[in-house]
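As a plain string of letters, each chain reads:
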Amino acid sequence: MQHKVIDTKDVVIRFAGDSGDGMQLTGSLFANTSAIAGNDLSTFPDYPAEIRAPHGTVSGVSGFQVHIGSTKVNTPGDYCDLLVAMNPAALEANAKWCKPTAMILIDTDSFTDELIKKAGFKTNNVFLELGVEDRIIIPSPITTLTKESLKGCGMDQKSILKCKNMFTLGMACFIYSRPLEYVNSYIEGKFAKKHPEMVGPNEKVLKDGYNYAANIQLIPNTYMVKPAKSLEPGLYRNITGNQAIAWGLLAASEKSGLPLFCGSYPITPATAILEELAIYKSLGCKTLQAEDEIAGICTAIGASFAGNLAVTTTSGPGFSLKSEALGLAVMTELPLVVVDVQRAGPSTGIPTKTEQTDLLQALYGRNGECPIPVIAAHSPANCFNAAFNAAKIALEHMTPVILLSEGFLGNGSEPWRIPTMADYPEIKPPFARGVLKEGERFHPFKRDPETMVPQWAIPGQKGFEHRVGGLEKNHEGVLSSDPANHQTMVNERAAKVARIADFIPELKVDGPDSGKLLVVGWGGTYGHIKSAVDEEREEGKNVSFAHFDYINPLPKNTKDVFSKFEKILVCELNSGQFCAYLRDCLPDFKYDKCNKVQGQPFLVKELVEAINKEI
Amino acid sequence: MATLTFKDFKSDQEVRWCPGCGDHAVLAALQRALPKVSQALGYEKERYVVVSGIGCSSRLPYYMDTYGFHSIHGRATAVSTGIKVANPWLTVWQACGDGDALAIGGNHFVHAIRRNIDINIILFNNRIYGLTKGQYSPTSKFGAITKTSPYGTVEHPFDPGSLVLGAKGTFFARSLDVDLKLNEEIMTAAALHDGCSVMEMLTNCVIFNDGAHKEIADPAVRPDRTVVLRQGERMIFGKNNDKGLVFEDNRIKAVTIGENGYKEEDILIHDAHANNLGLQMALADMKGPDLPVALGVIRDVKDITYDDGVRDQVKDVMRKSKIHCVDDLLRSGSTWEIK
Numbered sequence: 001m002q003h004k005v006i007d008t009k010d011v012v013i014r015f016a017g018d019s020g021d022g023m024q025l026t027g028s029l030f031a032n033t034s035a036i037a038g039n040d041l042s043t044f045p046d047y048p049a050e051i052r053a054p055h056g057t058v059s060g061v062s063g064f065q066v067h068i069g070s071t072k073v074n075t076p077g078d079y080c081d082l083l084v085a086m087n088p089a090a091l092e093a094n095a096k097w098c099k100p101t102a103m104i105l106i107d108t109d110s111f112t113d114e115l116i117k118k119a120g121f122k123t124n125n126v127f128l129e130l131g132v133e134d135r136i137i138i139p140s141p142i143t144t145l146t147k148e149s150l151k152g153c154g155m156d157q158k159s160i161l162k163c164k165n166m167f168t169l170g171m172a173c174f175i176y177s178r179p180l181e182y183v184n185s186y187i188e189g190k191f192a193k194k195h196p197e198m199v200g201p202n203e204k205v206l207k208d209g210y211n212y213a214a215n216i217q218l219i220p221n222t223y224m225v226k227p228a229k230s231l232e233p234g235l236y237r238n239i240t241g242n243q244a245i246a247w248g249l250l251a252a253s254e255k256s257g258l259p260l261f262c263g264s265y266p267i268t269p270a271t272a273i274l275e276e277l278a279i280y281k282s283l284g285c286k287t288l289q290a291e292d293e294i295a296g297i298c299t300a301i302g303a304s305f306a307g308n309l310a311v312t313t314t315s316g317p318g319f320s321l322k323s324e325a326l327g328l329a330v331m332t333e334l335p336l337v338v339v340d341v342q343r344a345g346p347s348t349g350i351p352t353k354t355e356q357t358d359l360l361q362a363l364y365g366r367n368g369e370c371p372i373p374v375i376a377a378h379s380p381a382n383c384f385n386a387a388f389n390a391a392k393i394a395l396e397h398m399t400p401v402i403l404l405s406e407g408f409l410g411n412g413s414e415p416w417r418i419p420t421m422a423d424y425p426e427i428k429p430p431f432a433r434g435v436l437k438e439g440e441r442f443h444p445f446k447r448d449p450e451t452m453v454p455q456w457a458i459p460g461q462k463g464f465e466h467r468v469g470g471l472e473k474n475h476e477g478v479l480s481s482d483p484a485n486h487q488t489m490v491n492e493r494a495a496k497v498a499r500i501a502d503f504i505p506e507l508k509v510d511g512p513d514s515g516k517l518l519v520v521g522w523g524g525t526y527g528h529i530k531s532a533v534d535e536e537r538e539e540g541k542n543v544s545f546a547h548f549d550y551i552n553p554l555p556k557n558t559k560d561v562f563s564k565f566e567k568i569l570v571c572e573l574n575s576g577q578f579c580a581y582l583r584d585c586l587p588d589f590k591y592d593k594c595n596k597v598q599g600q601p602f603l604v605k606e607l608v609e610a611i612n613k614e615i
Numbered sequence: 616m617a618t619l620t621f622k623d624f625k626s627d628q629e630v631r632w633c634p635g636c637g638d639h640a641v642l643a644a645l646q647r648a649l650p651k652v653s654q655a656l657g658y659e660k661e662r663y664v665v666v667s668g669i670g671c672s673s674r675l676p677y678y679m680d681t682y683g684f685h686s687i688h689g690r691a692t693a694v695s696t697g698i699k700v701a702n703p704w705l706t707v708w709q710a711c712g713d714g715d716a717l718a719i720g721g722n723h724f725v726h727a728i729r730r731n732i733d734i735n736i737i738l739f740n741n742r743i744y745g746l747t748k749g750q751y752s753p754t755s756k757f758g759a760i761t762k763t764s765p766y767g768t769v770e771h772p773f774d775p776g777s778l779v780l781g782a783k784g785t786f787f788a789r790s791l792d793v794d795l796k797l798n799e800e801i802m803t804a805a806a807l808h809d810g811c812s813v814m815e816m817l818t819n820c821v822i823f824n825d826g827a828h829k830e831i832a833d834p835a836v837r838p839d840r841t842v843v844l845r846q847g848e849r850m851i852f853g854k855n856n857d858k859g860l861v862f863e864d865n866r867i868k869a870v871t872i873g874e875n876g877y878k879e880e881d882i883l884i885h886d887a888h889a890n891n892l893g894l895q896m897a898l899a900d901m902k903g904p905d906l907p908v909a910l911g912v913i914r915d916v917k918d919i920t921y922d923d924g925v926r927d928q929v930k931d932v933m934r935k936s937k938i939h940c941v942d943d944l945l946r947s948g949s950t951w952e953i954k
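Protein chains in written order, with my numbering: chain A, 1 to 615; chain B, 616 to 954.
Hints listed in this document are in silico derivations from the structure and should not be mistaken for laboratory results.
Cβ atoms here follow ideal geometry from the backbone N, Cα and C, with glycine treated the same way.
Wrong hints could be hidden among the right ones.
Pulled a few chain A residues facing chain B out of the computed Cβ check, cut under 8 Å [as the list claims (entries may be wrong)]:
hint, residue
1, K226
2, G234
3, L250
4, E291
5, T299
6, I301
7, G302
8, A303
9, G470
Cβ-Cβ distance ranges computed for the label pairs, FRET-style [as the list claims (entries may be wrong)]:
hint, chain 1, residue 1, chain 2, residue 2, range
10, B, K651, A, S481, 33 to 39 Å
11, B, D931, A, T71, 33 to 39 Å
12, A, H475, B, R631, 19 to 25 Å
13, A, D113, B, D931, 56 to 62 Å
14, B, G924, A, K229, 47 to 53 Å
15, B, D931, A, P54, 41 to 47 Å
16, A, R499, B, K651, 32 to 38 Å
17, A, D592, B, W704, 56 to 62 Å
18, A, I418, B, R631, 54 to 60 Å
19, A, H475, B, D931, 52 to 58 Å
20, B, T950, A, N215, 31 to 37 Å
Non-contacting residues of chain A with respect to chain B, defined by C-beta distances greater than 12 Å in every case (computed) [as the list claims (entries may be wrong)]:
hint, residue
21, E203
22, K516
23, Q600
Just chain A, same shape as in the assembly:
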């Protein structure tokens, strides 16, 4: 059969299998292959908390969705064009994400009576039961074919079975006209040194999968997604949000000339930042895997006092544990970046799923009057700039800064045009300089009258000996429980944070700067809201979009922007936390809400519906 190659603007592929089936790797290899082919893309790993959840169960299904396009890709896509289901449970959990025109590729060898039952099906006609019997089903005996492909290669049975994902990837590469070079080079890079005997078999099974897909009569068409013209020329790489945060912090360390110190405790989904920083000791970075979350932040505060760019990284539960120490950082007025990669809560919640539910905790979750700047990253690649800016603000304004990321951003990836560090600004902390006169003391809380920022004297600096701590002090750094002094210091600490508004970019409006409806978002919902608003505008609707990267303080023009719209719709992955904050900061406006708290990103479709209700 002659396959017809159809040019298409974009496709969404969802790989799903048991958590040990290697679907995350398969998905990211497919994504990287597409990136190198010049596509824009967005990925969404969706996996369970268990490392190897019970075999064949729905709770153990691990998924990886990738959206590739020849135009700008803002999201990993709502629904998929191809679902790869390695077993009945994977089909059960993911069939609902199939477009009406989708193809479903299954490994028929795993659709045994036992596994079908284990996945909760009542009958053996699984497609009918799920209501997807009209999709294009590509039943393939992947396990058998993988065994056949690797017969006599010298690998044991267990290792052979692990190659099923490579066979599947080969098939997907055929369907979407992807070359195999990138995957082959990955295989060589991974195995050439330690297990050279694995290179040949892995490449063979990949090729066999590709050829098998080319030979069977079940695939009606193949597709081609041309390189994205929307991507600016330049050198690119794929980057996840967690990696981008680590690198953004390293960039801030370089631009400030201060060594980076990261005190952290492993926690999903933030751990990869600590892991990433642990690699780059060559850039002078010290990582301390602390005994707990509290030690993570407290060692960072100590390192900050000692003159490092100090960071602690965590997720919701760990963020809660750091609250008291955050207050200490506010009181001692030391620079510190606290990264919270938010996950579904409360408590342990759903650790591997995404949410935006820590915002109010970031803004208010401390004892006393305890203002802290809050910044949010809006895409995996944007995490680099967000981390850089968080560190810049912390160091130049002598304050802890909370950087909010999300599991969706941390694990998700996208192509990133590699910047040049020469294009980034220097970071200039307000170091205490000069020599003090005989008998003169350094006053740790004397402020710059314009920015309200105190100076930073680092231990080791002769003559600047002083004490900081959690107790209230006066400008000289002497303990004080004087009522008027406390009021002054409370006001000054608040003013210091508020005046950061003079140093951050203004809020931009995507679309007309006045009109019927302004859709408002913050953080990782950027791509979905942008897609929804673009869709609406293509249909001629009067909708604009403003996305907040800076939450505390708000951009100075926020009120001006809001005042030009009849309605404001605040969309976020919580029950309305940013909306509540806006109502408090800018009470003159009426806000409508669009919320979702399911541990999943918005669907563009859901946002379009919410917008349609408004106009």
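Assemble chain B onto chain A, guided by the hints.
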């Protein structure tokens, strides 16, 4: 380099501990010890950082004219750790109480010891919560009657010595608050020790636990109920210097020289530098009525320190890596060009 004196370490802040509090004496010993340490090691004053947690003793940094950090309850050890790792050139002293180090901050305390981070921890042990006005602490004796244990505690206390040595601490010393000379000696030894040094200071709380250590601290009984261990010296004690410690039947015994055939040469010689955790643990564990409480430097052994390890690894990787700046990093690994 100007010679530093006691006065150089005294801040202009009024000391606000209760009159008669044991903390005064410990502060004085520290202010006397640091000039000697500075002399011996060539340290300038700006190199010292004094850290504390929360509690009466944690006010100590305000009274020292050095860089100081009065942190939050229990977390002094974590703050100290961060300071030392960030800049191993600094010399870090830490003041914390029995509640601060062993209750709320127990985790950080044992992990600093496990990592052997080069900080000097003065553990003020008065067996009571003083600043909150008299609740029992993790070192209060079983049955202690306090505000939160009006019928007596029903929990066993921690013995800081066993805890430190159990975590394979490299330095442990114990002393009484009032023994200025011994405290100076211990603090100097701690400063010279490269690694985590824990100095347990048995302090008195005149208000909420007066006589906290009176069974050994009273001048009348102290010579018979304590033994001061000194490197290379025999473990001899007693009002008449006629008692000593021997190791027999798998345990330490107190004997009288000249009785039952015991001669001076039978008495154990103290070796804090030997990696003999068993004997040092037994010495640290000694208590009455049969045995004297050991004071002085009980253990002082060399081992790799965490802060040196971190620093050396950074240097080593810097030398070997091909990535020397962020531009290198951004262009490392898999990249592609779009024209």
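Each hint tested on the structure:
Using the Cβ-Cβ criterion of 8 Å, the hint placing K226 (chain A) at the interface with chain B is not satisfied: the shortest such distance is roughly 13 Å. Interface hint status for G234 (chain A): upheld, as the beta-carbon distance to the closest one in chain B is roughly 6 Å, under 8 Å. Satisfaction of the interface hint for L250 (chain A) is found here, the shortest Cβ-Cβ separation to chain B being roughly 6 Å, below the 8 Å cut-off. This hint holds: E291 (chain A) has a C-beta 4 Å from the nearest C-beta of chain B, less than the 8 Å allowed.
For T299 (chain A), the interface hint holds, the least distance from its beta-carbon to any beta-carbon of chain B being 3 Å, beneath 8 Å. With a least beta-carbon distance of about 6 Å to chain B, the hint placing I301 (chain A) at the interface is held under the 8 Å criterion. For G302 (chain A), the shortest C-beta to C-beta distance to chain B is roughly 3 Å, which falls under 8 Å, so the interface hint holds. The interface hint given for A303 (chain A) is met, as the beta carbon of that residue sits about 4 Å from the closest beta carbon of chain B, less than 8 Å.
Hint status for G470 (chain A): holds, given a least beta-carbon distance of 5 Å to chain B, under 8 Å. Between K651 (chain B) and S481 (chain A) the beta carbon distance is about 36 Å. The supplied range of 33 to 39 Å therefore holds. A beta carbon spacing of about 47 Å between D931 (chain B) and T71 (chain A) contradicts the range 33 to 39 Å that was offered as a hint. Checked against the given bound of 19 to 25 Å, the beta carbons of H475 (chain A) and R631 (chain B), roughly 21 Å apart, stay inside it.
Range check, D113 (chain A) to D931 (chain B): Cβ separation about 57 Å, and the 56 to 62 Å hint holds. Here the CB-CB span from G924 (chain B) to K229 (chain A) is close to 52 Å, well matched to the stated 47 to 53 Å. A hinted range of 41 to 47 Å holds for the C-beta pair D931 (chain B) and P54 (chain A), which are about 43 Å apart. Restraint check, R499 (chain A) to K651 (chain B): a C-beta distance of roughly 47 Å breaks the suggested window 32 to 38 Å.
Range check, D592 (chain A) to W704 (chain B): about 57 Å between beta-carbon atoms, so the 56 to 62 Å window is met. About 57 Å separates the C-beta atoms of I418 (chain A) and R631 (chain B), a value consistent with the hinted range of 54 to 60 Å. A beta carbon spacing of about 44 Å between H475 (chain A) and D931 (chain B) contradicts the range 52 to 58 Å that was offered as a hint. Taking 31 to 37 Å as the suggested C-beta distance range, the pair T950 (chain B) and N215 (chain A) conforms, at roughly 35 Å.
Once the 12 Å rule is applied to beta carbons, E203 (chain A) is consistent with being away from chain B; the minimum gap is 18 Å. Distance check for K516 (chain A) against chain B: the nearest CB is about 38 Å away, which clears 12 Å, and the non-interface claim stands. Every CB of chain B lies more than 12 Å from the CB of Q600 (chain A), the least distance being 29 Å, so the non-interface label holds.
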